[in-house]
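Student: One-letter residues, chain by chain:
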Amino acid sequence: MRRMSRIWHLLNLPCSKISELVSLSLDRELPFAERLAVKSHLLYCKACRRFRSQLLSLRSALAQLSSDVTGAELSNIPRLTPQARDRIKRALRDADAPGD
Amino acid sequence: MGDEGTLDPEGWVDRHGDVMFRYALRWLRSSEIAEELVQESFLEALRARNTYQGRSSERTWLVGILRHKLLDHDRRSSRERRCDEREISSDDVLERCFERRGRWKVTPARWRENPTSDLERREFWMALTQCLRVLPPGLSDAFLLRELDGLESDIICENLQISPANLWQRLHRSRMLLRECLERLGFGEGTSLPRKGQPCAGCRGSGTS
Numbered sequence: 001m002r003r004m005s006r007i008w009h010l011l012n013l014p015c016s017k018i019s020e021l022v023s024l025s026l027d028r029e030l031p032f033a034e035r036l037a038v039k040s041h042l043l044y045c046k047a048c049r050r051f052r053s054q055l056l057s058l059r060s061a062l063a064q065l066s067s068d069v070t071g072a073e074l075s076n077i078p079r080l081t082p083q084a085r086d087r088i089k090r091a092l093r094d095a096d097a098p099g100d
Numbered sequence: 001m002g003d004e005g006t007l008d009p010e011g012w013v014d015r016h017g018d019v020m021f022r023y024a025l026r027w028l029r030s031s032e033i034a035e036e037l038v039q040e041s042f043l044e045a046l047r048a049r050n051t052y053q054g055r056s057s058e059r060t061w062l063v064g065i066l067r068h069k070l071l072d073h074d075r076r077s078s079r080e081r082r083c084d085e086r087e088i089s090s091d092d093v094l095e096r097c098f099e100r101r102g103r104w105k106v107t108p109a110r111w112r113e114n115p116t117s118d119l120e121r122r123e124f125w126m127a128l129t130q131c132l133r134v135l136p137p138g139l140s141d142a143f144l145l146r147e148l149d150g151l152e153s154d155i156i157c158e159n160l161q162i163s164p165a166n167l168w169q170r171l172h173r174s175r176m177l178l179r180e181c182l183e184r185l186g187f188g189e190g191t192s193l194p195r196k197g198q199p200c201a202g203c204r205g206s207g208t209s
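Chains A and B, in that order, give the protein sequences. Per the working numbering, the first sequence starts with residue 1, numbered consecutively. Per the working numbering, the second sequence starts with residue 1, numbered consecutively.
These are computed hints drawn from the structure, not numbers from a lab.
25 Å max Cα-Cα, derived DSS-like pairs, lysine-lysine:
| hint | chain 1 | residue 1 | chain 2 | residue 2 |
| --- | --- | --- | --- | --- |
| 1 | B | K105 | A | K46 |
| 2 | A | K17 | B | K105 |
| 3 | A | K39 | A | K17 |
| 4 | A | K89 | B | K69 |
| 5 | A | K46 | A | K17 |
| 6 | B | K105 | A | K39 |
One-sided and incomplete, this derived list gives chain A residues near chain B with beta-carbon spacing under 8 Å:
| hint | residue |
| --- | --- |
| 7 | S16 |
| 8 | K17 |
| 9 | E20 |
| 10 | S23 |
| 11 | K46 |
| 12 | F51 |
| 13 | S57 |
| 14 | R59 |
| 15 | L62 |
| 16 | A84 |
| 17 | I88 |
| 18 | A91 |
Ideal Cβ positions, reconstructed from N, Cα and C, are used throughout, including at glycine.
Bound conformation, chain A alone (with noise of 0.2 Å):
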């Protein structure tokens, strides 16, 4: 009877707790029946599949903000500068160098 009202439960989640949930599920494995909740629940929820697929959005635009030129100019986002990129490299060709 418990189980069968934890299952009632997960599956009548509100959209706050499921976005939270998908959001999670970004990050780490859920368990199953949280897995099954979200996933019912994307079944007849067009506003939590869009969300879902934002997130998945911006997480694909995040992965390219580095390498893309244009973007990586605009962020400001820390980086190596090029002289400590080219001191690490010469250090790494020095100690790497045979005889050493």
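With chain A held as given, fit chain B onto it using these hints.
Tutor: Chain B alone, transformed into the frame defined by chain A:
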């Protein structure tokens, strides 16, 4: 060996140098020491490259080495890192988005696929960058370590000194704020272009549209 890149130490710098630098910078808040420890980590990885089994990704392996360097640095400098479990205010984004019974107040818009032309890309990046600035620092640190740098939760929690539950809460709020901001900038139905002239200040505290 699980990854051919492991045989190419200079390639490590191109592929993972920025991620490692940002990780160290968030830990230390000093770019000089961060650069120094990133260099030491790459040299350590070079010495240990034959022991890399490919069980974890190349990035996870390298960040793991950097993490040890950072912990050593903390020990040497007797620096004590404090847990930071405070809730970061995110301007009640959840209240703005949901009714009391938990339904969306406004259905999220359908965004078009990623912009393809140079102009579209530039405008998209400008909008995204503008929206990233809306995030409070405690949220943006967590969000960028996860989504920009692709680091796993446990590594981020250690860097920010927060629990997994706190991290997931920060990530969720960041995503809610960003999607809200992008929609207000015009990422609505059928367009990926932000509308010009709309300040991002409108993303915050003005209720839902």
